[in-house]
Amino acid sequence: MIRLFASRTLFQSVLIINSLVVLLPVFFLVNSSLRESNEFARTPFALARDPFWENYQRVWSEGEFGSYFINSLIITGGSLILILILALGAGFVLGRYTFKGNNITFVFILTGMLVPAKLAILPLFIQLKWMNLLDSRLGLILVYTSAALPAAIFIMSGFFKSLPTDLDNAARIDGASEFKLLLKVLVPLVRPGMVIVAIYSAIPIWNDFFLPLVFLQSPEKKTLMQGLTVFFGQYASQWGVLFAGLCLAALPLVVLYLILSEQFIKGLTAGAVKG
Amino acid sequence: MSSALRREQNRTTGTLLIPALAVIIIFTTIPALTTLSYAFFSWDGFQRSTFAGFENFQKLFAYPYLDQLIAALRHNTIAFVVIMTCQTSFGLLFAYAMFRVKRGLRLYRVVVFLPVIFSLVVVGYLWQSLLDPYYGPINQIINGIGLPEFAKPWLGDTSTALPTLMFINLWRWVGFPAIVFLAGLNAINSEYIEAARIDGASEGQIFRKIIFPLLAPSLTIITVLTFIGAYEWFDLPFVIGGSNGSPAGATDTLALMFYRLSFGSIDSGANNVGVGSALGVLIFTLVGLGAAFGSALLRRREVEQ
Amino acid sequence: MKISKIRGLVAALFAAVTVVAPGASIASADTEITFWSWRTEDKAFYESQMKLFEAKNPGITVKFTPYLNTEYNAIVATALTAGKGPDVIQMRPYGGMANLSDAGNFMPLTTAEVPALKKLPAGILAGAQGYKDKKQYGLPYAVSALGVMYNPDILEKAGVGALPQTWAQLQTAFDKVKKAGFLPLGNAGGNGPALEQLHATVGPTFYGGTAFFNDVVAGKKTFTDKGYVASLKAVADLAKWMPANYQGIDYNTARGLFANEKAAFYIGGNYEIGYFRSLNPSITIGWFPAPKANAGAKRYVGTWADGAYAINAKTTQKAAALKLINFLGTKEFGQALVDEIAFIPTAPYVKINDPAVKEINRWRTTLGTPFLNVVGFRFENPTSSSILQPGFQKLIVGGTTPEQLAKDVQTAVASWYAPQKGKS
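If you read the sequences in order, they're chains V, C and E. Okay, so the first sequence: first residue is 1 according to my numbering, each after it adds one. Okay, so the second sequence: first residue is 1 according to my numbering, each after it adds one. Okay, so the third sequence: first residue is 1 according to my numbering, each after it adds one.
Hints in this document: simulated from the structure, not taken from any laboratory. For clarity, every value in this text was computed on a predicted model and none was experimentally measured. Errors might be hidden in some of the hints.
Think about it this way: if two alpha-carbon atoms lie no more than 20 angstroms apart in a straight line, the pair counts; the simulated PhoX-like pairs of lysine-lysine are [as the list claims (entries may be wrong)]:
id, chain 1, residue 1, chain 2, residue 2
1, E, K220, E, K423
2, E, K421, C, K59
3, E, K240, C, K152
4, E, K331, E, K56
So the derived list for chain V, only partly shown, Cβ under 7 angstroms to chain E, looks like this [as the list claims (entries may be wrong)]:
id, residue
5, K129
6, D135
7, Q217
8, G233
9, Q234
10, S237
Beta carbons: idealized from backbone N, C-alpha and C, even for Gly.
So here's chain V without its partners, still in its complex pose (with noise of 0.2 angstroms):
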C-alpha cells in the first residue's frame, strides 16, 4: 500500500515536471508578446506590466493577418466539406455493399496513405499548371482532399460497417431508396465517425505550409502558416510584433482544442489507437 502511494507521487511529480515543460514556453510567448519590442531587447525576462496591445494591432493590419485567417479558413473549411461528403459516400458503399470490386477497391485507397504530397511534389506541381489550377485555393483544396481522403474512407467505412444491417432492411421495406437510406437513417449514426474524420482532417491542413508555398504565389492567397513565414521574414528583430504574430496564429487551434479537447484526442490518434 505504501508502495503503491509513494510511485503515486512519483508519477504526479513526473506530470507536473512535463506540464512545466509544457507550458512555461508558452506562457513565455504570450507574455512576450505584450511587451513592446525594444524594451524586450533591453530586458527579455520580465512580466509585460501595461499590456502593450499595438503589437497585435500591428500584426492584423500591417502583417495583413486578416487575409491569411480568411484563406486559411476558406482552404480548410472547403476541404473538409469535400472530404466529408466524398468519404461518407464512398464509406457507405465499400462498408455496407458487397460486390465485387469491394475489397480491391478498397486496398487501392488505403495504399493512397504511403504517399506524402511531399515526394509528389513535382508532378503535382506540372499538373496543376497544366489544369490551370496553380495559385489557386481550389486546387490546393482538391490536393488536400485527396491526401486526406484514404484514412477518412478507411474511418468512415468502419463506421458504416459497424451498424447493424437491420436498419437497411427495414428502411428497404419503408420503400426508402439507396440514398435516402444513407442520408436520412445512417448519416446520423455515423456522425461521432464524421467528427472524427473533420479534426483528424482538418488540422493537418489548417497547420500546413509546405503546400501553400509551392502552390500559392499571389500574396492575397497566402495562408496563416505560409503568411507566417513572410512574415518573420518582414518582421525580423521586432520581437514584440514577431511574438503577437506567433500568438495570432496559434491562437484558433487552441481554443477550439481546450473547448473539444476530447474529441480532438480521439481525432487525431484515430487509426493508431484500436477500440
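With the hints as your guide, set chains C and E onto chain V.
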C-alpha cells in the same frame, strides 16, 4: 436480393464511389507514379528533355550530391533512433503516469497533448526565439544559475544543432505516443492486473509481465509512424534551419535535400528535377520497405488478450 | 449535440466567407502591376517610392512584396514556372538567376524602351545579362561596395586614433575596443552569405585582387593558390573578435549589435547602412576600405553591380512595367536610393551628400575589384558560394582548415568551369 435492388445498388456505388476514386487517382496516384517516371529523364529547369535511363541515379551517388546524401541519411537515421527511444520512452512514461494517478488526470491529458496541436511553424519559431543566444530565456537562465559554459548557441553550433532540433521535436510530439499508449493501457482488462496484485506481484513485475506485452499493438503503430516521420522529416528542420540545413548542413535531411534539388535555393544554384526525383524514389522505397518490414516484424509480437 | 453544432458552424462559416470574401479582383480602371524583391529591409523605402510613381502615373498601381532573402530564388523560380510570376522582378546579379534567364523568363530590354541603359558602362551592364546569350535582361540599379564600417563614438572612447591601414593595425584597434568594454566586431557566424561577404571584404588584399580574379577566370591560377588560402585563414582569424557564441548568432542579431552601438566594427557591404540607420536613427557610421595584408600589399574594395530590375517575359502589363522600369532608372530614384538607404546608384549625375557613402564611392572607383564568387562563379552548380557559405561556418569553429576549404572550392568550380577543368 432482388435484381431491382441490385441495379439500384450498382448505380449508387457508381455515384458515390467514383468521385472519391477520381480525386484520389488524379491528385495522388498519378502524381506518385509520375514522380517515378521523372527520375528517368533529364530536365532543363522545369521542362522535361531527353530520356536519361539511370543517369540521375548515378549522379545522385556522385559528386557533389553523394556527400550531401550520406550526411542527410545519417541525420535521418540518428533522428529515427533517438526519437524512437526518447519519444517512445517518455510517451510511455507519461501514459503510465496518467494511468496511475487519479487527481488531475483530465488536466494532464489536455496539457500533455497540447503541443501536438501547434503548427510546426509556430513551434519552430517559438523555440528559435527561446534558444536565441542573446535574447532567449534559456541561455539567460543558464547564465543566471552560474553555468555560462553551457549557454551555447544551441541551434548555431554544428555539434548541438541536430540534438537540439530533436529535443524540440520531442517537445512537440511526445504527447502523441503518450495518448496512444494511454488508450492501450485503458484497453487492458483490469481483471488481469487486479489478479496479479492480489497474488502479491510488485508494480514493476505487473508492468513487465502483463502491461508491456499487451501494449504491443500500440508500440507497433508508434514505431511505424515514427519511422515514417523520421525519414520524411522536413517541416521542423525547414522552419529552423532553412532549406540548406543550416548551420553548415548539420540539420540537413533527405526531404530537405529533395526540396533543394526540386526548387533550388540561393546558394545551391539551379534546381535539378531529375536527380531530385531519383532521390524521391529512393526515399519512397526506403520508407515503404521499412514500414512494411517493421510492421510485419512487430505484428508477430502482438498478443491477443 | 455538439457534433452537429460544429458541422453547422463550419458549413456556415464556409458559406459566409465564400460569399463575402474579396477573392476575385475588383473591377477597376487601374492597371495593377506586381513587383517582387528580396530586400525586406527596404520595404518602407520602396513603398514610398511606389506612391511617387503612382502619383506620376495615374491609373497604375504597384503592389510591392519582399520575400525572405534565402528563399527568394526558389519562390521566384516556382512562380515564374507556374506562369504566376510578378510583372517586375528584382533580379540577382550575374549568375544568380542565370538558369531563369536562360529559360526565357525575362523580357530582353532594348535601349529604345529603356534609355537609361545607354548611360551605363559595360561592366555594370554585364551584371544583368543572360549567361548563355548576352541579351540585356535587367536594368542594374546599384553598385555595392564592401568595406569596414565603424562607430566613431566607440573608437573615440576606446582611444583608437588613426583608422587602421594594415591588418596588424586592425587587430590592435580590435584589442583596444575590447579592453574598453565593447564588442570589437558585430559580424557573427550564423549566416553563410554574411560570412562570404566578410571574406570578400578582407580577402582581396591577401589573394591579390583583380589580378588574381583575372587569373582564376582564365584558368592560370587556382583556388588552392597560397594567397587565396591566406585569405580564407584571415576569416578564421577574425573569429576571436566576434561576439561570444558567434556560431549561433544570426544575421539580424549580428547587425543589431552594431546598430545598437554594442559593437565597434561591422565588415560588409554598404547596403547594410540603411538597415543600421532604420534600427537606430541616431547612429553615426564611418567607413574605410579593408586594410592591406601587410605593408607591401595593396588595398581593395570589393564591388559589383548588385541587382537589377527585370520584366517578366509573360507579363500582361508590358507598357506599365516599362514605365516602372524607366522610373527606377531616373536620376530622382537614384538620388532617393542614396539619400534614404545609402545605396550607390548606377544612375549618373546623382549627388552623394551622405559622408559615409561619399567615402565609399571615392575609394571604390580607385580600389575596386570584382566580388570573386558573385561575378565569376555563380553560373552553374555547384557554385563557389555554395561551398564557401557552409564552409566558412565550419571554418570559424575549427571544423575544417583553410587548405581543405580551398581544395573543396577548387573541386566544385573545376567540375563545371571549363578553364579550370582538371586543375587542382
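How the hints compare with the structure:
With a C-alpha separation of about 10 angstroms, the suggested pair K220 (chain E) and K423 (chain E) falls inside the 20 angstroms cut-off, and the hint holds. Taking the CA atoms of K421 (chain E) and K59 (chain C), the gap is near 18 angstroms; set against the 20 angstroms cutoff, the hint holds. Among the hinted pairs, K240 (chain E) with K152 (chain C) is consistent with the structure: their alpha-carbon atoms are about 16 angstroms apart, no more than 20 angstroms. This hinted pair checks out: K331 (chain E) and K56 (chain E) have alpha carbons roughly 15 angstroms apart, not beyond 20 angstroms.
Against a cut-off of 7 angstroms between C-beta atoms, the interface hint on K129 (chain V) holds, since the closest Cβ of chain E lies about 6 angstroms away. Checking D135 (chain V) against chain E by beta carbon gives a least distance of about 4 angstroms; that is within 7 angstroms, so the hint holds. The beta carbon of Q217 (chain V) comes within 4 angstroms of a beta carbon in chain E, closer than 7 angstroms, and the hint placing it at the interface holds. Checking G233 (chain V) against chain E by beta carbon gives a least distance of about 3 angstroms; that is within 7 angstroms, so the hint holds.
A cut of 7 angstroms between beta carbons decides the hint on Q234 (chain V): the least distance to chain E is about 5 angstroms, and the hint holds. Evaluation of the S237 (chain V) hint against chain E yields a held restraint, the C-beta minimum of about 5 angstroms falling below 7 angstroms.
Taken one by one, the earlier hints all hold for this structure without exception.
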